[in-house]
Amino acid sequence: MATEGGGDENPQTKGPELSQPASGIARSEPTDGSQQRSPFITSEPLREDQVQNAVKFLSHPKVRGSPVIYRRSFLERKGLTKEEIDEAFLRVPDPSPNATTAETVSTRQANQVSPSTSLQPQASVQTAPPVASQVGAVSLTPMSQKPRFNWSHALIAIGVLSASGAGSAVIFKRVVLPRLKAWIRRVAMEDKEERATKSLAEETAEAAKAAASAAAIVATASQELLNSKNEDRKYFEAFMGMIDVQVKEMKSMSEAIHKLEKAREQEKLIDEYVQYATSNGTSNNSWKPSQANHTLLNQVRVNGTSTTSYGAEGQSLAPAPAPAPASVEPTTASHPKSYMEIMAMVQRGEKPPNIKEINDTPPNPNQPPSKPLIAPRTKPWEITQQISVSQPQENGQSQDISSEPWWRKKSVKITELEPEGEEPLRQLTTNDRPASQRTWVPPQPPSVAIPESAAAIRHPKPSPPIPDLSSGDEKMSKSSMNSNVVSQQSEIEEVEEKDDGV
Amino acid sequence: MPVFKTPFNGYAVRFSPFYENRILVATAQNFGILGNGRLHILDLNPSGGISEVRSFDTADGVYDCAWSESHDSLAVAAVADGSLKLWDAALPPSANPIRSLKEHAREVHAVDWNPVRRDSFISASWDDSLKLWTLDRPTSIRTFREHAYCVYSAAWSPRHADVFASASGDCTARVWDVRDPSSSLVIPAHDHEILSCDWNKYDDCFLATSSVDKTVRVWDVRASRAPVATLAGHGYAVRRIKFSPHHENLLLSCSYDMTVCVWDYRAEDALLARYDHHTEFAVGVDMSVLVEGLLASTGWDELVYVWQHGTDPRAMP
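In the order they appear, the protein sequences are chains A and B. Residues in the first sequence are numbered consecutively from 1, following the working numbering. Residues in the second sequence are numbered consecutively from 1001, following the working numbering.
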């Protein structure tokens, strides 16, 4: 209302360029502003050109299809007065109120048709804007002809539209969707039936297989159980047997211990007897049972002297007291005792029975050592320019140098060597046979390609070797250089020495 | 090859540096747990047997022995009662032993004579220390106490007069110089106890150690972070190793798996030979300095074998 007044006044004062703030929506709401229009009607004559323009505008088919409210607002925006707009509406071949009513009717019909014909569930959404336009159109019709707005009309329109929309939605839900669902289900059920029929048969087959395999597994498991039971029984029996054996062994050991104790006692008695019986028969090996500081038993070692050169006298004591089994050779007496038995005895605190009392203190702590008979010999790895050893064997022992002793002979037969060991063995053998000129000829060294270079590498040749000084040859052949060169050198020297020797 | 039966369990064997057919054998009764000991001097007969020349009894087991490098008849023994005893085989039995050097608090496990100076020897003991001795002094000259556990072995360097190496149960091997107050080099050689060590006779920078972890490792003392070679092949702890006096790369080892093995540590396939003649722990080995390729071994089966490398120890000559 007030807006319309304002809108009417504005075209008077300002030009048609101003855009009217009044919109169609504002227009649709005025209640009784239509009667108040009368005092605001201007008395200006109609502008014919404007009216004609408006007629042309309204005659446009597109404009015809639009709501009246928009046409009116557009024209007002263009600066037309109320009279001019009405005049244009009158002039248009289809009168505006009728046009509007026809439009409303057509729109209504369209709206009514659309929900009934559309199959999509969005019809309810589509009904909303037509509802709004219908409401606008409905409200516009009374406004164009008689500017009266009836809420009852609007309510009726809303009700009708909502009912139609609801009805269409209900129809759709009840009829269309079930049909769709039924169709889809039909299609799906066909597939499922086929599959169901197939899967049933498969399932039964699989179930049968599983049952069979389970039965087999159960059978094997039961068999294994039986087997393990049998094995357990066997182990148990074997274990029992072993326990029996051990019990027997322990019995025998305890018997042996008893016997040994008896023997000890007997020997003790015999000891004392022997001590008093013999006068100075004791040898100079340390045997002082009565002066023992140890608190342990003194067992006489009846035969510990067979291997000593000066213990022969001790043996005279031996044969007499020999009733007990412990008086046998100490080697056999100590033999049965194993390492663990000794350890056990020691841990128990017992002393093993074959220990002698020995005095190994030096009789003369300042005893000077005897004069050496031989000067120290140079080592093979020392650089030797001259042989410091002239006579190797001047000892009291019988030594046969001219004939090869067995510890110098090397048998070429290789019984325990691995194949890779043959190479160094060959080197060993070649190095050891220098100038002995034996029947066995060492193999020719393969690396004597340039004798001059080999000669240049070599040390100055030492004095010719003494034939029976076989050890000296080794020193000559060795040097402090690398083993490769050493071996080559030795081989080269052997070759040369052989040539010299021959 | 001849074999000698000792009355006690064998612990060590050494070839004499003077006589090529003489060996020294250290034995201990009852596997060395508790009992007497005996030191044997044996001769190899040209006819093929081994015979005993002398033997010396001790109150406690003898764990190691060494010949003197200056006197051809002098021998030193490492005794389980913590003493070192010297014997002179040229003197009558009434004069022997000529020295008893008792300073260690626990068993002496190893003794080695200096081959360069020839007048001194080093002893390694279970009281975590090593002691340096000479013949003319009744007491030790120096004590080297750095190890944290038993020292199992000591070996003089073949070239440097004052350098020796030690192997200990604290899993380290140490190189010492007698003139220095502390060790020159510490090599954490193994993850388990190290039972033996020996120097390469030809390349004085190489030291070999053997351990309870069944391996033998060769170390370059100039670069001791990683071993030059690790020799695996024994089934149990390797008890003793000896570098060959004649060949730079050859190494002899004996082990609790009752075998004696010969190795070439520079070869791709290091194990050259394995001798399984023993029926108990093989505890002592030696290679002769005078006779090339002559090996000797002893073990807890109370047997001493002497044979040429490449032959069967049990075959008769």
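Hints in this document: simulated from the structure, not taken from any laboratory. Note that the Cβ used here is the ideal one computed from N, Cα and C, for glycine as well. A portion of the hints provided could be inaccurate.
In silico negatives: residues of chain B with every beta carbon more than 12 Å from chain A [said to hold, decoys possible]:
1) S1070
2) K1102
3) D1128
4) L1132
5) D1136
6) I1141
7) D1177
8) V1178
9) P1181
10) S1182
11) D1191
12) E1193
13) A1223
14) V1228
15) V1289
For each label pair, taking beta carbons as the anchor points, the in silico distance ranges come out as [what the hints assert, rightly or not]:
16) Q275(A) / T1230(B): 53 to 63 Å
17) G1049(B) / A375(A): 24 to 34 Å
18) I257(A) / H1192(B): 29 to 39 Å
19) S254(A) / V1053(B): 28 to 38 Å
20) H1192(B) / L269(A): 20 to 30 Å
21) L269(A) / R1106(B): 30 to 40 Å
Once the Cα atoms are required to be at most 20 Å apart in a straight line, the calculated SDA-like pairs of lysine to any residue come out as [unchecked claim]:
22) K409(A) / N1045(B)
23) K1005(B) / Y339(A)
24) K1102(B) / P369(A)
25) K371(A) / S1070(B)
26) K371(A) / R1117(B)
27) K379(A) / D1269(B)
28) K1102(B) / K351(A)
29) K351(A) / E1107(B)
30) K1005(B) / K379(A)
31) K371(A) / L1091(B)
32) K371(A) / A1095(B)
Hints and how they fare:
no.: 1; hint: S1070; result: violated (6 Å)
no.: 2; hint: K1102; result: violated (9 Å)
no.: 3; hint: D1128; result: holds (23 Å)
no.: 4; hint: L1132; result: holds (18 Å)
no.: 5; hint: D1136; result: violated (9 Å)
no.: 6; hint: I1141; result: holds (17 Å)
no.: 7; hint: D1177; result: holds (20 Å)
no.: 8; hint: V1178; result: holds (20 Å)
no.: 9; hint: P1181; result: holds (29 Å)
no.: 10; hint: S1182; result: holds (28 Å)
no.: 11; hint: D1191; result: holds (26 Å)
no.: 12; hint: E1193; result: holds (19 Å)
no.: 13; hint: A1223; result: holds (19 Å)
no.: 14; hint: V1228; result: holds (15 Å)
no.: 15; hint: V1289; result: violated (6 Å)
no.: 16; hint: Q275(A) / T1230(B): 53 to 63 Å; result: holds (60 Å)
no.: 17; hint: G1049(B) / A375(A): 24 to 34 Å; result: holds (29 Å)
no.: 18; hint: I257(A) / H1192(B): 29 to 39 Å; result: holds (38 Å)
no.: 19; hint: S254(A) / V1053(B): 28 to 38 Å; result: violated (44 Å)
no.: 20; hint: H1192(B) / L269(A): 20 to 30 Å; result: violated (51 Å)
no.: 21; hint: L269(A) / R1106(B): 30 to 40 Å; result: holds (38 Å)
no.: 22; hint: K409(A) / N1045(B); result: holds (14 Å)
no.: 23; hint: K1005(B) / Y339(A); result: holds (18 Å)
no.: 24; hint: K1102(B) / P369(A); result: holds (19 Å)
no.: 25; hint: K371(A) / S1070(B); result: holds (10 Å)
no.: 26; hint: K371(A) / R1117(B); result: holds (18 Å)
no.: 27; hint: K379(A) / D1269(B); result: violated (29 Å)
no.: 28; hint: K1102(B) / K351(A); result: violated (24 Å)
no.: 29; hint: K351(A) / E1107(B); result: holds (18 Å)
no.: 30; hint: K1005(B) / K379(A); result: violated (30 Å)
no.: 31; hint: K371(A) / L1091(B); result: holds (10 Å)
no.: 32; hint: K371(A) / A1095(B); result: holds (15 Å)
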